[in-house]
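If you're matching them up, the sequences are chains A and B in order. Start counting the first sequence at 1; every next residue gets the next number (the UniProt record's numbering). Start counting the second sequence at 1; every next residue gets the next number (the UniProt record's numbering).
Treat the hints with caution; some may be incorrect.
Straight-line Cα separation of at most 20 Å, EDC-like style, residue types lysine to aspartate or glutamate; simulated pairs [to be verified]:
1. B:Lys-75 / A:Asp-247
2. B:Lys-275 / B:Glu-259
3. B:Lys-103 / A:Glu-206
4. B:Lys-18 / B:Glu-55
Just some of the chain A residues that point at chain B, by a computed CB distance under 10 Å [unchecked claim]:
5. Ala-207
6. Leu-222
7. Pro-225
8. Pro-265
Treat the hints as calculated values from the structure; they're not laboratory data. Since this is a predicted model, take the numbers as computed values, not measurements. By construction, the Cβ of each residue, glycine as well, lies at the ideal position given by its N, Cα and C atoms.
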Amino acid sequence: MTATLEERPAAPENAGGKPAIDKAEGWRRRGPLLPALIFTIIVTQIPFILTLYYSLQSWNLVRPGSQEFVWFSNYGDVFADSQFRTVALNTVIMTLGSVLIAVVLGLLLALLLNRQFAGRGIVRTLLITPFLITPVAAALLWKTVLLDPTLGLINFVLTPFGGSGTEWISQFPLASVMAALIWQWTPFMMLLLLAGLQSMPTDQLEAARVDGASAWSTFRELTLPHLRRFIELGVVLGTIYLVNIFDQVYMMTQGGPGVASANLPFYIYQRAFLGFDIGQSAAMGVVVVILTLIAANFALRLIFRSFSGEQEAA
Amino acid sequence: MAEVVFDQASRIYTPGAKPAVDRLDLTVADGDLVVLVGPSGSGKSTALRMLAGLEPIDAGSVRIDGRDVVDVPSKDRDIAMVFQNYALYPSKTVAENMAFPLKMRGMDKDERAQRVRQAAEMLGLTEYLDRKPKALSGGQRQRVAMGRAIVREPQVFLMDEPLSNLDAKMRVQTRAQIAEMQNRLEVSTVYVTHDQVEAMTMGDKVAVLANGQLQQYATPPELYDRPKNAFVAGFIGSPAMNLLDLPRSSSGVTLGGVEIPLPRDVSDAAGSRDKLTIGIRPEDWVLESTDADSSTVVKAVVDVVEELGSESYLYAHLADDTSTSVVVRGPGRVKVRFGDPIAVRPNPDALHVFDAETGERLP
Numbered sequence: 001m002t003a004t005l006e007e008r009p010a011a012p013e014n015a016g017g018k019p020a021i022d023k024a025e026g027w028r029r030r031g032p033l034l035p036a037l038i039f040t041i042i043v044t045q046i047p048f049i050l051t052l053y054y055s056l057q058s059w060n061l062v063r064p065g066s067q068e069f070v071w072f073s074n075y076g077d078v079f080a081d082s083q084f085r086t087v088a089l090n091t092v093i094m095t096l097g098s099v100l101i102a103v104v105l106g107l108l109l110a111l112l113l114n115r116q117f118a119g120r121g122i123v124r125t126l127l128i129t130p131f132l133i134t135p136v137a138a139a140l141l142w143k144t145v146l147l148d149p150t151l152g153l154i155n156f157v158l159t160p161f162g163g164s165g166t167e168w169i170s171q172f173p174l175a176s177v178m179a180a181l182i183w184q185w186t187p188f189m190m191l192l193l194l195a196g197l198q199s200m201p202t203d204q205l206e207a208a209r210v211d212g213a214s215a216w217s218t219f220r221e222l223t224l225p226h227l228r229r230f231i232e233l234g235v236v237l238g239t240i241y242l243v244n245i246f247d248q249v250y251m252m253t254q255g256g257p258g259v260a261s262a263n264l265p266f267y268i269y270q271r272a273f274l275g276f277d278i279g280q281s282a283a284m285g286v287v288v289v290i291l292t293l294i295a296a297n298f299a300l301r302l303i304f305r306s307f308s309g310e311q312e313a314a
Numbered sequence: 001m002a003e004v005v006f007d008q009a010s011r012i013y014t015p016g017a018k019p020a021v022d023r024l025d026l027t028v029a030d031g032d033l034v035v036l037v038g039p040s041g042s043g044k045s046t047a048l049r050m051l052a053g054l055e056p057i058d059a060g061s062v063r064i065d066g067r068d069v070v071d072v073p074s075k076d077r078d079i080a081m082v083f084q085n086y087a088l089y090p091s092k093t094v095a096e097n098m099a100f101p102l103k104m105r106g107m108d109k110d111e112r113a114q115r116v117r118q119a120a121e122m123l124g125l126t127e128y129l130d131r132k133p134k135a136l137s138g139g140q141r142q143r144v145a146m147g148r149a150i151v152r153e154p155q156v157f158l159m160d161e162p163l164s165n166l167d168a169k170m171r172v173q174t175r176a177q178i179a180e181m182q183n184r185l186e187v188s189t190v191y192v193t194h195d196q197v198e199a200m201t202m203g204d205k206v207a208v209l210a211n212g213q214l215q216q217y218a219t220p221p222e223l224y225d226r227p228k229n230a231f232v233a234g235f236i237g238s239p240a241m242n243l244l245d246l247p248r249s250s251s252g253v254t255l256g257g258v259e260i261p262l263p264r265d266v267s268d269a270a271g272s273r274d275k276l277t278i279g280i281r282p283e284d285w286v287l288e289s290t291d292a293d294s295s296t297v298v299k300a301v302v303d304v305v306e307e308l309g310s311e312s313y314l315y316a317h318l319a320d321d322t323s324t325s326v327v328v329r330g331p332g333r334v335k336v337r338f339g340d341p342i343a344v345r346p347n348p349d350a351l352h353v354f355d356a357e358t359g360e361r362l363p
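Next comes chain A alone, as it looks inside the complex:
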């Protein structure tokens, strides 16, 4: 024991796995973190527990005094609700579709920006701009400036080709929302993948040149495997953010027509604050949290695995 302490005076806790610092010292060290911990618990866990409680109640705000305990009947209603299933599917399409398309576009732009050309700095700045715009402003921009059937730029451009008069937002509501999301998220993917491309060791690329690899083979055999973990990170981060997206749906389509472009956050919002059905929207919230936890668990495990440094090899 003494010998161990002498060898490693900086980490005495490691000796025998028993904390060597006394209790008071432990409080002194960790005490300052306590307010933050309490605050986090208050703002995340208490609402969640209340939501669990509400989800077991039948409670509609427009009928005062209607609140009663109904066990799991709200959950039964959620799974019986065909709109909920449509909206869940919308959410998957909207999230994964936008993320995957944004990754592909981001990859193409990153490959472009990874080359030397005149005006690269300006092009790069312009390409990043969509990411810096407030989501609400971006949604308005798409709704009015680009997609408006009479005043929108897209129909104006399409007029010579006979494509004018398309009611983009009512005819293709989900695609319109996704277009706005992809436009905002492509720059993020581009930056991430550009960082990945620039961390590619040049000697591997030179070795591939000497080994006779064409540009396409180099990309497929070397660059893409190198970018794998950056792509995974982009997909996971994009998914985490986009699964919760609200602004674009609210601003562009209000989830409509019907629930054609609604996603789960928007649908829950509708049921709670427009339908005033607190019990059922709480149950939906709980279901969504559980599904998200399952999905996030797999996704996070994926990125932790790829970023644990196992890929680093000279």
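Starting from the structure of chain A, add chain B where the hints point.
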């Protein structure tokens, strides 16, 4: 199997500035191993990369087997290169790494596998074929990089400091392996290193570069025995040759009050110069008794003694000129210590004489 010729080949990074490689003329005979050696920034790696097609050739030409390759892309030059950091493909296994150049030429799978197996056997890599590079030691990675070059059966091997990331013991071992393998395969090889021991032990011929210019291109013994200028003299040999700027006297030069006679042809070539650079290798000093007459021996004071077992090196400064230091080789066991006086005499037959201004060898 091919002859490689650099013909006035130059690499100019910025027009008007000094070229990184300045009108290099070099011929690598078929099957030879030629070492490019020089200090950092001498242009040795750039010259190799010009041959590899990784740097453009801005002037002059480079020919492989008689074919001018200035406008030929890397992949069509029929060369294989071993990089300093090995440049293995981290996402591929050892076997896939070695098969990669073959796959890129469209060789069918069975033949690829067979060639990889042969090379792996030769390099002792058979049991690692399914591993990823990250699971290999430095020496094994180095061998995989060699294997990737060998399977190609190229006309020329290019090696860019392939041993510099290995530890000292591994380096000596791998050095011998590479030399042996190159002899067996008889493939012309251009080998870049900053380590003059590698250069002297491995090269059939050695090209010494400095500041982008070729200083001397010769066999290792010739480089050692007849360095063409003071730079080569000081660069080749360890510890380095003593290079002393000495004033002329009637029959030679004077060092610490001692007259060192110069051979007739040297003093004729020296003409009326009043100063010469004299090169004396550490082993070309004769240790004399300190009682000897000070007109025949140079008196010095020892600063450091390095005992290597079979020999020792005495770092000393002249007794009457503390700014002039010399290195003297002595026997394995010497009694002198820091501060002790010694007396030395240069072996007159082993002197190297250079012009003090230009550094060129005389005659």
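Outcome of the hint check:
no., hint, verdict
1, B:Lys-75 / A:Asp-247, "52 Å, violated"
2, B:Lys-275 / B:Glu-259, "14 Å, holds"
3, B:Lys-103 / A:Glu-206, "17 Å, holds"
4, B:Lys-18 / B:Glu-55, "16 Å, holds"
5, Ala-207, "4 Å, holds"
6, Leu-222, "6 Å, holds"
7, Pro-225, "3 Å, holds"
8, Pro-265, "38 Å, violated"
Checked against the numbered hints above, the structure violates hints 1, 8; every other hint is satisfied.
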